[in-house]
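Trainee: Position chain H relative to chain R; hints supplied.
So the sequences go chain by chain: R and H. In this text, residue positions in the first sequence follow the working numbering: the first is 1, and each later residue adds one. In this text, residue positions in the second sequence follow the working numbering: the first is 1, and each later residue adds one.
I should point out that these hints are in silico values taken from the structure, not numbers from a laboratory. Check before you lean on any hint, since a few could be wrong.
With a Cα cut of at most 20 Å, we get these calculated SDA-like pairs of lysine to any residue [unchecked claim]:
1) R:Lys80 x H:Ala452
2) H:Lys154 x H:Thr197
3) H:Lys448 x R:Asp84
4) H:Lys171 x H:Thr197
5) H:Lys336 x R:Gly67
6) H:Lys285 x R:Phe87
7) H:Lys121 x R:Gly67
8) H:Lys336 x R:Phe86
9) H:Lys285 x R:Leu153
10) H:Lys448 x R:Val73
11) H:Lys448 x R:Arg63
12) H:Lys448 x R:Val171
13) H:Lys437 x R:Phe87
14) H:Lys237 x H:Gly414
15) H:Lys336 x R:Phe87
16) H:Lys263 x R:Gly170
17) H:Lys285 x R:Val161
18) R:Lys205 x R:Trp190
19) H:Lys285 x R:Leu160
20) H:Lys448 x R:Leu81
21) H:Lys261 x R:Leu159
22) H:Lys260 x R:Pro177
23) H:Lys437 x R:Gln169
24) H:Lys437 x R:Tyr257
25) H:Lys263 x R:Trp83
26) R:Lys80 x H:Lys448
27) H:Lys96 x R:Tyr257
28) H:Lys448 x R:Pro69
29) H:Lys201 x R:Gln169
30) H:Lys260 x R:Thr179
31) H:Lys96 x R:Pro69
32) H:Lys448 x R:Tyr257
33) H:Lys201 x R:Leu81
34) H:Lys285 x R:Leu81
35) H:Lys437 x R:Val71
36) R:Lys80 x H:Arg442
37) H:Lys437 x R:Phe86
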Amino acid sequence: MATPAARLPVRAALDRREAGVALRRVLGHDYRLGFLFVAPIILLVLALVAYPFGYAIYLSLTRKYVGVPPVWVGFDNYVKLTWDGFFQRAVVNSFIFTFGSVSVKLLLGMAMALVLTSQIRFRSFWTGVLLIPWVAPTVVSALNFLWIYDYSLGVLNYLLVRVFGLLPQGVGWLSEPGTAMASVIAVNIWRGFPFFGISFLAAMKAIPAELYEAAAVDGAGPVQRFWRVTLPGVKNITIIVVLLSTIWTFNDFQIVYILTKGGPGGATQVLPVLTYEIAFGAQRLGEAIAVALYMLPPLAVVIIVLARYMRRGQKA
Amino acid sequence: MDQRLHDLTEQLDAGLIARREFLRKAAVVTGGTAAGLGALRTLASAQPKTKLRVWLFKSFVTAGNEVLAKHIEAWAKERKVDVETDWATFGDREQKFVAAIEAGNPPDIAEMNIYGPMRYKAALRDVSKVATQLASAKGGHLPFAERAMKAEGKFLGVPRYSMTTVFFIRKDIMEAKGLKPPKVYDPDVVEFARKTTDPAKDLWGFGQTLNRSDDGDGFMSNILWDYGGGVWDKDGKPALGTAFLKQNTAALQFAVDTIKKHKIQPPGVMGWTDVSNNEAYMAGKLVTTNNGASLYYAMVQKKHELAPKTLCVLTPGGPAGSFVGSSCYNWAIFGKSKQAELSEDLIRWVEDESRFNEYVQASVGQAGPVYKARVDNPYWKSDPNFDAILQNILRSVNLGYPGPMTPAAAEVQGQKILTDMAGRVVVGGLSPEAALKEAHGRIEEIYKMRRA
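Same shape as in the complex, but just chain R (with noise of 0.2 Å):
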């Protein structure tokens, strides 16, 4: 007969059988092999994702100067932002910068994928030539935009004053904040059309023909066939482009940085731009990542809802 001193090593034995039983049920026979494959992506998550968004986090808190060990400050830098009249300035031009943007591209893009799907002759070239701004580099295309916009040795004052004669003096493109931020904006749209267009001509390739004859047969016409077939069809991928863009454009430093800085006087300045001078002109590190998660709440809040439909609509 065992003493209870020798069953308590097998009692705890049988408890582990028990939770190692337990585990199985819970995670399926081979879930210490399923660990194995999934920890080295875990890990990569954790390096490269998890842990710098932490350490950012970590580094709006604190009054951090290049070279200088970070002192904790809490919500100081976000207060201050909040009531700082260059970054209300940032948000609303972002704003608009994003809205504008996104809107324009989106009215664009659907129009050249209803082109691209018509009868047209070339339509594989048409296709290749519309693509262009989007392959293209953006340090490139801003850089020539840069020159095209340009008061006096800029092609498009040279077309709208010599070569068409619409107006009898060149505009300062960029020297104005309206047209500033019009001229900005034009670039993105310019840009990033294409993405929207390639994507709504793949959603409409999708949508089987017969409903088309179907609604033909039934007496629609183009108008109605486009508002009751195509864009019931295209619109989960609708949401999808729309959503990418609207966090690509919000984030967008490369095209008004090179275009304007900011300016003139703050009139095109958005929040990366912003971003990056309080990060390498004032050297402010730990303001300068407040700037830039500032806005990470109200991007996710839309970033949630619009998944969450998508969602739906995928289930329905």
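Mentor: Frame of chain R; chain H shown alone:
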């Protein structure tokens, strides 16, 4: 003799081992030793040479860059050092420094602009020894250079050269109109520009952006001083909207008037970047502009038709005098460098007078003196346009004037607060007083944070 061979000999003599065994063991020992020595020699030669990471400033004056690179290459060959050279220009040098310092991986030595030692002082090494040695051999530093490189009594940078701005004038147009070089902005430059501006020909009398740029910020600093104002008082405290409010208001009003009232500037000037006035001048669209010598270099190198038609004169002034912000490119050694002595040796090498003179000759007026002895270089008399460059350098004042050059002053320059202020009046509709008040608030905050 190897101790093991000695032992074997004794064993042979004592009859403990046979001759054949002696020979076998001796061969093993000798062969092994020889092989070991060979391997060690190979390992020794495979040891990497001492490595030095050098970051250089990529100036628009490419001939100067090439001369400097050649000098560093020659030094590396002479000292048998493996030099890793990297270049950064106006647009990306600060990003590179910030990233490298924060990553804990800065270069050993870097060529910095005048604000570098102040901006990165926490990461830099005291270079007083080499700075004072070089200065004493070259007649001493020019005062602005010494003040700009020193923090808390220590040199954080070794001065190299000054890249100043001058006033560029189209000599042919000036002479055709019977005009003389302007001495002050108001009324001289205004009158000069009015008489030479011809909008129908897209020709503008004056081209000076107030947009966010180094050019715009430099002009705004100068014009505040010209009117007796400035951003800082003599104690280094903010004075933009307080002690100097009256003077600064007049200066800001003048700067804005060149665009809004006098209409002597191109309509697109508020959208200009640092290179825009260079392009406009070389395209024949401007009669006058403020710029560094790189513009003159570009025209001379390209044998541009406007090079012989260009006159460089002293920067015009205002009621309180004529002021120009200083420039002092320098060598800084990072605190993390384990090659401080080697870096100092490199500085001595490139600052050798014959080598530096070669650099000056290639730089077409861009590499101005920061040492007293270099002021007397006959090179500065070799072109009439160089005299304005030299005289502007000699009278230049540091950021922070009339107070000391401080990290807060460097930050105000880095954030382009003065051009933002001008922009708020020109395109934002603010009054000069309101714009000054707004800018003063930002500067006060920087001052308080830097003090904290």
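Trainee: For a C-alpha distance cap of 20 Å, please report whether Lys285 (chain H) and Val161 (chain R) respect it.
Mentor: holds (17 Å)
Trainee: Holds or violated: are the alpha carbons of Lys260 (chain H) and Thr179 (chain R) at most 20 Å from each other?
Mentor: Satisfied, since the Cα-Cα distance of roughly 17 Å is no more than 20 Å.
Trainee: So if I understand the rule, the pair passes when the alpha-carbon distance is 20 Å or less; does Lys448 (chain H) with Val73 (chain R) pass?
Mentor: Cα-Cα ~15 Å, so holds.
Trainee: Taking 20 Å as the top limit, are the C-alpha atoms of Lys437 (chain H) and Phe86 (chain R) close enough?
Mentor: holds (14 Å)
Trainee: Take the C-alpha atoms of Lys80 (chain R) and Lys448 (chain H), compute the straight-line distance between them, and say whether it is at most 20 Å.
Mentor: The hint holds at about 13 Å.
Trainee: Do the alpha carbons of Lys336 (chain H) and Phe87 (chain R) lie within 20 Å of each other, as the hint requires?
Mentor: violated (36 Å)
Trainee: CA of Lys261 (chain H) to CA of Leu159 (chain R), is that 20 Å or under?
Mentor: Outside the cut-off at roughly 28 Å; violated.
Trainee: Under the criterion that the straight-line Cα-Cα distance not exceed 20 Å, is the pair Lys437 (chain H), Tyr257 (chain R) satisfied?
Mentor: violated (26 Å)
Trainee: For a C-alpha distance cap of 20 Å, please report whether Lys448 (chain H) and Tyr257 (chain R) respect it.
Mentor: violated (29 Å)
Trainee: Taking only the CA atoms, is the gap from Lys448 (chain H) to Asp84 (chain R) under or equal to 20 Å?
Mentor: holds (16 Å)
Trainee: Take a quick look at whether Lys448 (chain H) and Val171 (chain R) sit within 20 Å of each other, Cα to Cα.
Mentor: violated (42 Å)
Trainee: Verify the proposed pairing of Lys260 (chain H) with Pro177 (chain R), using a straight-line Cα cut of 20 Å.
Mentor: The hint holds at about 15 Å.
Hint violations for this structure: numbers 2, 6, 8, 12, 15, 18, 21, 23, 24, 25, 32, 33, 34, 35, all remaining hints satisfied.
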